[in-house]
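Protein sequence lines correspond, in order, to chains A and B.
Per numbering that gives the first Met the number 0, residue 0 is the first one in the first sequence, and the count goes up by one each step.
Per numbering that gives the first Met the number 0, residue 0 is the first one in the second sequence, and the count goes up by one each step.
Please note: incorrect hints may appear among the correct ones.
Covered stretches of chain B, as calculated for chain A (at least 3 residues, CB under 8 angstroms) [as the list claims (entries may be wrong)]:
1) 6 to 13
2) 16 to 26
3) 99 to 105
4) 108 to 117
5) 132 to 145
Interface residues of chain A toward chain B, partial, derived using beta-carbon atoms under 10 angstroms [what the hints assert, rightly or not]:
6) 171
7) 174
8) 175
9) 177
10) 179
11) 182
12) 183
13) 304
14) 305
15) 307
Source of the hints: derived by calculation from the structure; they are not laboratory data.
Ideal placement from N, C-alpha and C gives every residue a C-beta, glycine not left out.
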Amino acid sequence: MPDGLVLAAWLIAFAQALLYVALAPLLVGWVRKVKARLQNRRGASLFQPYADLRKLLIKETRVPHTASPLFRMAPYIVFVATWLAAATVPLVALDLPVARIADIIVLVGLLALARFFLALAGMDVGTAFGGMGASREMLISSLAEPAMLMAVFTLAMTAHSTSLESVMSHHLADGFVLRPSYLFALGALLLVALAECGRIPVDNPATHLELTMIHEAMLLEYSGRHLALMEWAAQVKLLLYGVLIANVFFPWGVGREFTPLALGLGLLAVLAKLALLGAALATAEHVMAKMRLFRAPAFLNLALLLALLGLLSHVILEIGA
Amino acid sequence: MTLALLPLLQQFVLLLAALVMFLSFVLLAQARLISAIHSFAWQGALVAAVTLTVAVAGETHHLYFSAILTLALKALLIPWMLHRLTRRLGLERHTEDLHWPTLAIMAAVVLVIFSYWLVTPMVAQGLAFTRNIIAVSLAVVLIGLLMMVVRQQAVAQVLGFMSMENGLFLAAVSATAGMPLVVELGVAFDVLVAMVLFGVFFFQIRESIDSLDVDRLNRLTETADPVGANPFATTDEVSQ
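Chain A on its own, in the form it takes in the complex (with noise of 0.2 angstroms):
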């Protein structure tokens, strides 16, 4: 590759990466608003999350007197982890240089740091909730992470690799193909992304009621940029789990060269499938009851038995014997 073309395509890695940070509030604030429709409210803007964003980063930040430096380190550490782990996963653009740097391993690591980091910081204050928060994340994330290998290996093992890129290149170059594998997987993944990303379900994003709260019990004591840094990564992990399902199993429209065209067709191609699993996303929260805690591990094993059954399927039906 020439160095030219080389700068470009880290420029453009870098601008994805920009994107990713930009775009998050706009998915969130795009739930809400088809989740207010379907309720037969009006709902806040579409802006209103870069709004709320904008108003903590201003506002100051106060930090708990039994609070250790790792309690001050701990949103950026998350933000960077979330936003590195984004980094890796095609937006717009295939054949991108940090796509050869990470893998789907190192993405699956780079979150799980990010959240060992918000459980120390849920525990380190010594709050009541902060460590309930805490100790409820884990357990779920301690079941979601095996599904999500699982469903990543079955992908990996179509491909021959465990780079998203090639995964994405894989399926675009077959065309059309119905594979079990890959149904079972998707719903895996989409089992596991509301699980993590603390949709209805699992937890409820809505709602500051003591006994049901999982990622905002472990955020109740930061104020100002901190929170602001908080919650600005979890709508990019939302972000990134809604691009890595619409991408890798609907990759259609993603641009494959570095021309003004082809990039923003696949931008308007993304913004689309996002949009359509936004609006899902919400007409699920809409139907469905959160349950209760114990209930999760029943939710996470049906995702864990869809990704072995995918590895399975994958090897019965599609390899022939």
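With the hints as your guide, set chain B onto chain A.
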């Protein structure tokens, strides 16, 4: 041979077969009786869809008839009969907790792997595109068997039995492009008669032990109270 080279219809058959296998898992772990009957109906509908797609893909016309027969019998008539039975037995809201749900599911996964291992030398002979489905149908049969072992509720055991038949039918359709019509009709009526007999049996069992929990058949005493499970209590009663 890879999947991407197959025509779309044949890929669709493989997809449907995978879904049939998934529904077997759903049946195995479903605690609510009514939902289990619904999943059984869906499994029957999927088997009918497999038959129909094989008929369209392979241009075997007599399979159209068996597709219609399967749909009418396994997706509509038998689930309807089971539904009516559970209503008459007052079991609409019955839920049955498996003792170790995750363990049962993992056992079923092991059965899938086992049936794949069993079938591998067979499919090496090179049958039609549907040969890979044989492993799936064998797995469906074995999971039905497992369901009859781990479930305690008589209706759920019958569902396991019926889903075994689904697996056999799937194997017949996929491996040999369907059985002769006479055989198929015979099997269909056998299943129907079995269903009627099961219905009679349910009432008999309930009359004698006041429940459809088959575990209670193991007890030797005729007392209906749960204390009867305690051996000390029974000896007391016997001595009196």
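Status of the hints after comparison with the structure:
1. 6 to 13: holds (count 4)
2. 16 to 26: holds (count 6)
3. 99 to 105: Since three or more residues must qualify, the claim that chain A covers the region 99 to 105 of chain B holds, with 3 doing so at under 8 angstroms.
4. 108 to 117: With 4 residues closer than 8 angstroms to chain A, the region 108 to 117 of chain B meets the three-residue bar; holds.
5. 132 to 145: Our answer is that it holds, as 3 residues pass the Cβ test (under 8 angstroms) against chain A, meeting three.
6. 171: violated (12 angstroms)
7. 174: holds (8 angstroms)
8. 175: holds (8 angstroms)
9. 177: Because about 4 angstroms separates residue 177/A from the closest Cβ in chain B, which is inside the 10 angstroms limit, the hint holds.
10. 179: holds (3 angstroms)
11. 182: Hint holds; residue 182/A Cβ to chain B Cβ min 7 angstroms, cut 10 angstroms.
12. 183: holds (7 angstroms)
13. 304: Nearest chain B Cβ about 6 angstroms off; hint holds.
14. 305: With a minimum Cβ separation of about 8 angstroms from chain B (threshold 10 angstroms), the hint on residue 305/A holds.
15. 307: holds (6 angstroms)
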